[in-house]
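**Q** Based on the sequences and whatever the hints tell you, model everything.
Number of protein chains: 2
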Amino acid sequence: MSVTAPDGFVAAGVDVGIKGPGRLDLAVVVAEDGAVPAAGVFTQNRAAAAPVVLSRRRLAAGRARAILLNSGCANAATGERGWKAAEATTGAVAAALGCPPTEVLAMSTGPIGSYLDVDAIAARVPELVGQATKEGGSTAAEAILTTDSRTKTVVVNGPNFILGGMAKGAAMLRPDMATMLAVLTTDASVEAPTLQRVLTEAAAVTFNSLNVDGCESTNDSLVLLASGRVGSVSESELGESVVKACSALAAEMAADAEGASKTVRILVTGAAEDLLARQVGRAISDSALVRASFYGADPNWGRILAAVGTCPVDVNQVSISYQSVSVFRSGSPVAHVELEGLLDSDFVVQVDLGPGQGRAEIITTDLTPEYVRFNGERS
Amino acid sequence: MSVTAPDGFVAAGVDVGIKGPGRLDLAVVVAEDGAVPAAGVFTQNRAAAAPVVLSRRRLAAGRARAILLNSGCANAATGERGWKAAEATTGAVAAALGCPPTEVLAMSTGPIGSYLDVDAIAARVPELVGQATKEGGSTAAEAILTTDSRTKTVVVNGPNFILGGMAKGAAMLRPDMATMLAVLTTDASVEAPTLQRVLTEAAAVTFNSLNVDGCESTNDSLVLLASGRVGSVSESELGESVVKACSALAAEMAADAEGASKTVRILVTGAAEDLLARQVGRAISDSALVRASFYGADPNWGRILAAVGTCPVDVNQVSISYQSVSVFRSGSPVAHVELEGLLDSDFVVQVDLGPGQGRAEIITTDLTPEYVRFNGERS
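Heads up: the protein sequence lines correspond to chains C and G, in order.
Sequential numbering from 1184 applies to the first sequence in our numbering.
Sequential numbering from 1184 applies to the second sequence in our numbering.
Hints were generated in silico from the structure; no laboratory data involved.
One or more of the hints may lead you astray.
[To be verified] Stretch by stretch, here's where chain G covers chain C in the computed footprint (C-beta under 8 angstroms, at least three residues):
| hint | segment |
| --- | --- |
| 1 | 1221-1235 |
| 2 | 1261-1274 |
| 3 | 1512-1525 |
Note that CB positions come from ideal geometry on N, CA and C, so glycine has one too.
**A** Shown next as structure tokens:
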């Protein structure tokens, strides 16, 4: 089901041969009633891939009819030829649907620097669009996978609307592999500005709180479409559902991180403002030394403190706990701490910065020898 | 020789038992003629250790008589008690030398969060100071090592002066271990402001260009003392020698990085200004994905581009080469590149950003499974 759970959407996935024979690699999600309100959040990377640039530009209109997605090729760092490929493949979808090309978005994931096989894709698009059905959500979810070990889908039931979603992203990335992609759909009736506001806020506290290796991809894309098949809904209820859906998809990505052996939640509290709390959480989860200590189940709070100290904080007010066991309090070590076994599986690190109200939560994973081996392999 | 090579300095190293029996762990460097012009560069970390805070404060006067150094304990994150330990141990040196305590600096390296054994150190200081000789440079260099596999010393002969130095730092840090420490000495006659200017500039292009795991330590310290035994010298000649000495010590640290299998020089050119070039070099060397690809000898320029893209650059002007072999030129991949064997040992990555004159060079190492295992061990 996933993206086809809400009324007004159909989807499909086929095998075009981009990833090699027998693996689905091209998908489409279509709004049945024509162009609908749409919103997007994309990577901030200046090396953003052609599909990101194209989708961002087309979404300025606040409406979209369909999204064409492929795995096996990121269409990133491909210059003018890559741009033309994004235009041509989405153009094929527009032709099959009989809509303006500007109503079709694109998402790609896979190795950077290789070119899309435009002819192969364009030739299969009519069949792909023709196959799009209510049952096609799961094949679409499968067609966007790269190193993921399983599909990632979600359905959230709101009070009077449904929200569906699919995503790919195994967080620890295969050589050259770019990215997390996610598509959300709802049958709620919402105008584009509201949709954008809700999506931006949800991304900030979910996907943007996932920091597995500090590497910002060229292709990260998140799009939300609203068919309007059911009546209008409360913005706060919709927002809550979007956060819930994004949280679920982000958690699945962390859990599916290749080469990671555990998920660690870093909770930062007591900051002067949320932004500082986020900066601190990010500094901790960016530290290779900290993440190696997570792997070794080593309660090495000195490394956490050193990471915290790269941010504008007063170290004499800092306290650090593992799983609620305090190891460092207001600038000094806590004596005689027993942490045996506490860090052997998923755990929480809490860092309190002082008396402020600002807080943030970052989800990360441990850095393992497997991660390095996996990502050190030649593509 | 090292720090005792220039006229006017003596040094010694002894075993106080901080690192366990039989290993030198306490050292002193003394200016024979009393307090001399001195300059320092220290970590920017807000969790700076007590010895860093003390030395920085005392160096405001621009003069120092001696430096007390220890390994086996960073005296970091130790609160008021750590501060008193730094004061008491440097006070013991001052008493032995008959100088004001404010003329004695401190440097510590080792695990964060453990306390210095003040009594043990103070009891041995008179003997340590008494042993300080012209021949003591090498024992001092040995006493500051932690996970280093060998001592790191340098002597540079200027036209009419000598510059000596010692350092510790194996870049890949042992659990909890903090730091690079370095002491430079010269017999040149230089006033403190000039000394500070020369040292700051040299640090920027040497130690601060070494980025092995993006982790800024609580204890990083670099101090330069000038005895003035020979006449005055040209600032540019002194600066050149200081850069040479710092370069040599930084290169030894990179080569001694535990868990690293190769050193990679990242040369960024064509930036609008040096600062941007440095930011790009840092982004590349901060990326775990990039450094894992270095380990695997994988010419994965897509990851380099993604790291470059996190900085404010125009990707369409970016070119990337490995060992002068171009793989990405002005925004597009170069076809049919042969790189076989080129990345198997130390190599250079060149990233050109456009027509600017700004440039920077960053030295880094590969990220290896050994690094993670080494740093994942419990302390």
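**Q** Each hint needs a verdict: does it hold in this structure or not?
**A** Going through the hints against the structure:
For the segment 1221-1235 of chain C, the assignment as covered by chain G holds, since 5 residues bring a beta-carbon within under 8 angstroms of that chain's beta-carbons and 3 suffice. For the segment 1261-1274 of chain C, the stated coverage by chain G holds: 4 residues have a C-beta nearer than 8 angstroms to a C-beta of that chain, and at least 3 were required. Check on the segment 1512-1525 of chain C: 3 of its residues sit with their Cβ under 8 angstroms from a Cβ of chain G, so the three-residue criterion for coverage holds.
Checked against the numbered hints above, the structure violates none of them.
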